[in-house]
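Given the coordinates of chain A, assemble chain B onto it according to the supplied hints.
Note that the protein sequences, when read in sequence, are chains A and B. Residues 110 to 536 in this note's numbering are what the first sequence lists, from first letter to last. Residues 110 to 536 in this note's numbering are what the second sequence lists, from first letter to last.
In short, the hints are calculated from the structure, not lab data. What you are looking at is a predicted structure, and each value in this text was computed from that prediction instead of being measured. Do not take every clue at face value.
Heads up, the list lumps identical chains together, so a pair's fine if it works in one copy or across two of them.
As the list claims (entries may be wrong) - Listed below are the simulated DMTMM-like cross-link pairs for lysine to aspartate or glutamate, each with C-alpha atoms no more than 25 Å apart in a straight line:
1. Lys-153 - Glu-354
2. Lys-153 - Asp-483
3. Lys-192 - Glu-223
4. Lys-192 - Glu-176
5. Lys-153 - Glu-520
6. Lys-482 - Glu-520
7. Lys-192 - Asp-247
8. Lys-192 - Asp-483
9. Lys-192 - Asp-427
10. Lys-482 - Asp-159
11. Lys-153 - Glu-393
12. Lys-192 - Glu-171
13. Lys-153 - Glu-223
14. Lys-153 - Asp-189
2 protein chains.
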Amino acid sequence: MSAPVLEVTTQVAAAVDAPETAWGDRFAERTRRVTSSAIRELLKLTERPDVISFAGGLPAPEVFPLEQIQAAARRVLEDDGAKALQYSTTEGDPGLRELLVRHMERYGIRVGIENILITTGAQQALDLIAKLLLNPGDRVGMEAPTYLGAIQAFSAFEAQFLTVSMDDDGMRLDELEAVLRSGPKFLYVLPNFQNPSGVTLSLARRRRLVELAAHYGVPLVEDDPYGQLRYEGEHLPPLVVLDAEYHGCAQGERSLHGDVIYLGTLSKTLAPGLRIGYIVAPAEVIRRAVQLKQSADLHSSTLTQRIAAETARGGFLDRHVRLIRAVYGARRDAMLEACGRHFPPGVHWTHPQGGLFLWATLPAGVDTTELLKDALAQNVAFVPGAPFFPRGGGQNTMRLNFSHATPALIEEGIRRLGAVLARRLGS
Amino acid sequence: MSAPVLEVTTQVAAAVDAPETAWGDRFAERTRRVTSSAIRELLKLTERPDVISFAGGLPAPEVFPLEQIQAAARRVLEDDGAKALQYSTTEGDPGLRELLVRHMERYGIRVGIENILITTGAQQALDLIAKLLLNPGDRVGMEAPTYLGAIQAFSAFEAQFLTVSMDDDGMRLDELEAVLRSGPKFLYVLPNFQNPSGVTLSLARRRRLVELAAHYGVPLVEDDPYGQLRYEGEHLPPLVVLDAEYHGCAQGERSLHGDVIYLGTLSKTLAPGLRIGYIVAPAEVIRRAVQLKQSADLHSSTLTQRIAAETARGGFLDRHVRLIRAVYGARRDAMLEACGRHFPPGVHWTHPQGGLFLWATLPAGVDTTELLKDALAQNVAFVPGAPFFPRGGGQNTMRLNFSHATPALIEEGIRRLGAVLARRLGS
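So that you can see chain A by itself, here it is in the shape it has in the complex (with noise of 0.2 Å):
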């Protein structure tokens, strides 16, 4: 059972409700949109251990530093436990966030202690900025697909989405400026490897995203969990970097203009189970969000935030993403190789340069959320993609994540759900 099996457990649809009680009458507007989904019932089928499963977004844990976490985990309540077991600040730990701000200048984001705001999980500093931002019936604008996680933070604030379609560089522009056009509120991108697509934003249409932006006054959302996961090319400038370029902030200066509210995590590179995310903005945005999470979860675990801390520190952060990437890399390869081996013709997928996810386009009228039974009969499994469309379609798509299995095992999985996909089409 995890977290992001689950995270497809519910949809923004009107869907089948529990049977109307005294309770059914005292929920809010804003919980009536969160409904269960028939996707549900099926997705559990996918925990069973003999079925080899794309469809969670699970880390490996055999790339869990989990010796260096014991020996932090000692050092911590050792050298300073009755700290690490108090209540602590809302913004975070001072030492961890002084540790982010030295390892994103490493990859050109140049911010401040006071920029920083430490959340439980990239996910809460998504329902922080819906809680900050959002109005009921707001607007939202977001790729199609896109996270389901935001799909949901951003539903339970009541607002409506717009969106712009993807192509194999990342958003599409002619879609673009109609959608900035349109008010909304913010636009929310994820820039590198994009859950569920796997497709990166190209640099050309960085600069693009960046200038029209800023022409219609329309704040950007950059969400970055999988960033430094990066198997293959350059690494690309963060949209947050980009926007301080665009409005002449000179090299050596703060990386923040203003415009763009940049998300990491650590669950991608140390462990989720650790809880810790984080909001990069300007020191007014932070404000306010410390205030809003205050009265979320008073702060997130200060033990956890200690361990990450003394994990992360004296470079090893950084040793560690480069085994990740060598140990994802290869799986992605692997992925790539079975798909080209097996998968029939009319069959399309994309090209990850990095993250967990490879995206799989299957012809107009063949439906993988039938398909996933056809699949768990041959004990493989996926994620449909249409629950990522924020406004409908993609019923023709599916999401693989190739960072959990282990090659053979991807070798094995793509080899039966080929099987069923040829049968599925014909060929």
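Only chain B this time, still in chain A's reference frame:
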């Protein structure tokens, strides 16, 4: 620095705002309601090391079961490290939930694992309940004074407050009925050793409250962070149990008739830095709350949930609670005796049977926010009472925490505070 000190750093009032920028115009309506308070600057001074502070709400670090938590952390990471660092289910660790089922049964609350959702501290429980139930403008009934974190959490969802004053037996029943008749979405109650007043709701009033709430069809949210920390008198049954009895649930049956949501926490009995709270409610409510928690932070830290369960098991939690009672009971006694010795005539204070706080009321016309400046000049601090009143008032009240300072420091601090009071009251 600690969250419970910062807890009083925001206030629901039209207060001084940050300078208007592009972001100022972008914030949602609810964000504007949570604004900075002038009291924040004053409270920063309470953190000077030379100040004897009764301002916080901190557990004493001496009672943290540090050795047991160290051992538990070591075992969890050695025996099952990869799982403890991975994503986990939104509902919470099954082992921890089973342990809580058994633990609550000893306090008369009989529920199943499907009735429990683990939250990131009990503060998140308040946030989720507000998100689950409140449309903008909905009314919430509550005691005045009440827990500031609840005022903040409900304000963030644009609640209107209806308040019931308190005397030494808790909520005044003569005011309660009018509030219930005004149609609040729910009534928020802290029956045991209330924060901030230290007052306990009497058994007779508990029974009448349950009857009245049932009569008017108003659900109860029962917040019980301190219930196990009783230093004198008999344990009183929680509202959730009385509600089940009232509706004719037989002994031995589940004590959830369905109209009470009960909130608990391990912050006061194990350690707050783990961030473990829980919601106990009918399965239908839990299912909805799980969906909202999924979009709020996916799940609480897998690691700290596992450590908490491993620390608490085998009866340790019950044994440890007895130790905390002995330590805090002695500190409460020290504060009561010191108040009797040093406070001038005209000052009244509560006699808490448990919990962390004592509440003092000064003659009308004395402003405790002003008085705090005098107190800080004498290196002693408290929290002015006004922010705890959601509809204003309480300028002549203060909250005094007795759990954090040693008996000797309590005596010295109250002596200093008594002198400040005597000067101000001219006695």
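For each hint, the structure was consulted:
no.	hint	verdict
1	Lys-153 - Glu-354	neither (47 Å within a copy, 37 Å between copies)
2	Lys-153 - Asp-483	within (15 Å within a copy, 62 Å between copies)
3	Lys-192 - Glu-223	within (22 Å within a copy, 34 Å between copies)
4	Lys-192 - Glu-176	both (23 Å within a copy, 14 Å between copies)
5	Lys-153 - Glu-520	within (23 Å within a copy, 59 Å between copies)
6	Lys-482 - Glu-520	within (20 Å within a copy, 71 Å between copies)
7	Lys-192 - Asp-247	neither (42 Å within a copy, 39 Å between copies)
8	Lys-192 - Asp-483	neither (53 Å within a copy, 30 Å between copies)
9	Lys-192 - Asp-427	between (27 Å within a copy, 23 Å between copies)
10	Lys-482 - Asp-159	within (15 Å within a copy, 68 Å between copies)
11	Lys-153 - Glu-393	between (43 Å within a copy, 19 Å between copies)
12	Lys-192 - Glu-171	between (31 Å within a copy, 11 Å between copies)
13	Lys-153 - Glu-223	between (42 Å within a copy, 17 Å between copies)
14	Lys-153 - Asp-189	between (42 Å within a copy, 23 Å between copies)
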